[in-house]
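Colleague: Listed here are the chains, written in short residue letters.
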Amino acid sequence: MSETKLLKDQAGRRGFISLLGKVCATTAMCSGVGTVTLESLKAAAASTSTPVPTPAKAEFPASGPVPGNDWTKRRWAFGVDVTRCIGCLRCVEACKVENKVPFNPQDFRTWVERYVYLDGEDNARVDTQSDPVNIAAADSPQDYRFSNRYRNEKVTKAFFVPKLCNHCENPPCVQVCPVGATYKTPDGVVLIDEKYCIGCRYCVQACPYGARYFNEETQTTDKCTWCYHRITKGLKPACVDVCPTQARIFGDLNDASSDISVFIKSHRISVLKAWTGNGPHVFYNGLDGEVS
Amino acid sequence: MPKHIRRLLTILAVFAMLFVAGKIYFPPKSFGIYGHYRAASVGDIAAAHPAYLSPDSFSAEYPKEFAAWSSGIHKVVKCQICHTSVAGPTTAMASLVGAASASPALPAAADYRRLCVKCHEKIAGRPDFMPQIEVDSHSQGQACTACHNPHSPLFSNAGIPISAPGSAGIVDIAAGKKLSATCASCHGPEGVSAIAMFPNLACQKQPYLIGALTEYQSGKRANPIMGGVAKSLTTADIQNVSAYFAGMSCR
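Protein sequences, first through last, are from chains A and B. Each residue of the first sequence is one higher than the last, beginning at 2 in the working numbering. Each residue of the second sequence is one higher than the last, beginning at 7 in the working numbering.
No lab work stands behind these hints: they were computed from the structure. Check each hint, because a few of them may be wrong.
[To be verified] Residues from chain A that keep clear of chain B, each with C-beta distances beyond 12 angstroms, as calculated:
1. T84
2. E94
3. Q107
4. E170
5. T186
6. Y203
7. K274
[Claimed, not checked] Just so you have them, the derived chain A footprint on chain B, three or more residues with Cβ under 8 angstroms:
8. 38-51
9. 79-88
10. 199-205
Quick caveat: nothing in here was measured; it's all calculated off a predicted structure. Cβ coordinates follow ideal geometry from the N, Cα and C atoms, glycine included.
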């Protein structure tokens, strides 16, 4: 039957669980289990007359809680042109400053990997700005730079790959959060509620891209927000803004003339770990098969 | 109903009531308006102040630097990539910042040899389109700003197009001669043009040639033929070919 077929399908299964959650939420029997939506809450309030806190209409309209930014009309996406990245790490430093990420060599919202193939070796040597050799090449721990470590080697092939949160269509990190502290907004950004996060780090484990880190200062998980505070003000994310070679591209997929739409149209793009079914929304051009 | 069953049901009912009461009391006010999260947190996140500003924010305060920057090859490098952020001295760039400037918002970057190499050092993986240097042999221990205007690095601080550092020995005139084969079809094999509309290049001043080629390359000087030629040249190519023509005899 079509139902069993649907269940086989990954998206269908998610839909079924979501539906189950909505049904649960509307019955008083298991309130608080499953997905609670605005509609299901209203329905629950109507059917059982439990005093659900009524939303202040003016503060939380359907167009989103950020005035002047209708999140139902946007679908943000990110592009990375690997062929243009020069590994200068300006994006990494800008991200740290912009988002107050602790200045240490482990915690990053975005990072850059370097893949180097040496003559006679089959596998790439991969390092990031966190590699001890690269940290030593920089002047201070607050300063990032790729060292010239392969100066005397015979390099057959080398390239840089910038990475960040993929803001998946079906984010596994959101699925595992036990308290609803991380969520996906209608405009396609996965956010973390810093005040509500209990610091269990389950989401850090769940992310297949390693995009999340645990912030020891705030004792909460943190990750890339595509600079939500900037994009809702009409600016580009800080890393996109500072990139001197336009290796990072950002825009609205619903706008056919936006940078990202043009980028996707004019390049043969791919995504990282497409087989996970997460639906990553960071699109790469020139990605080598080795990169995952 | 037996007494023990009644007790059990009472206890269950009390727990159920406690659960429901807790469920009503504890979740934050805006929880669940848009989904299984606190709706107010979206606004909290969006309310943060951007630290990286548009270069236009600094144009009024630094008109001279802004003019040099916005007309030069470095216009893709925004102010705060090199200068300290308005976020204050806790930033990465603070370590590169001297106390030379009067403005706390945008002080001068003091140590260029640590700053410029972040993009321009020749390392494995850096694509060829990026101008790259072997730091030690290129700078010979000098600060980058000894020759380059950091706001427009193809020019010196005095606004003169950059020629090769120090002696002419650094310029590869042989390489320039090889490249000049392309020029010969219009400008003549000896740098003397046979056609009236094409200028002679032999004996032309080197800084002038560098400036012209650089402007053709950037598009500041528009010419369908020279624009195409100049775009295929690297900075070193321009220096070499200019040095070659400048060194030819004047006839």
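Colleague: Confirm or reject each hint.
Modeller: Status of the hints after comparison with the structure:
no.: 1; hint: T84; verdict: violated (7 angstroms)
no.: 2; hint: E94; verdict: violated (4 angstroms)
no.: 3; hint: Q107; verdict: holds (15 angstroms)
no.: 4; hint: E170; verdict: holds (15 angstroms)
no.: 5; hint: T186; verdict: violated (6 angstroms)
no.: 6; hint: Y203; verdict: holds (15 angstroms)
no.: 7; hint: K274; verdict: holds (22 angstroms)
no.: 8; hint: 38-51; verdict: holds (count 14)
no.: 9; hint: 79-88; verdict: holds (count 5)
no.: 10; hint: 199-205; verdict: violated (count 0)
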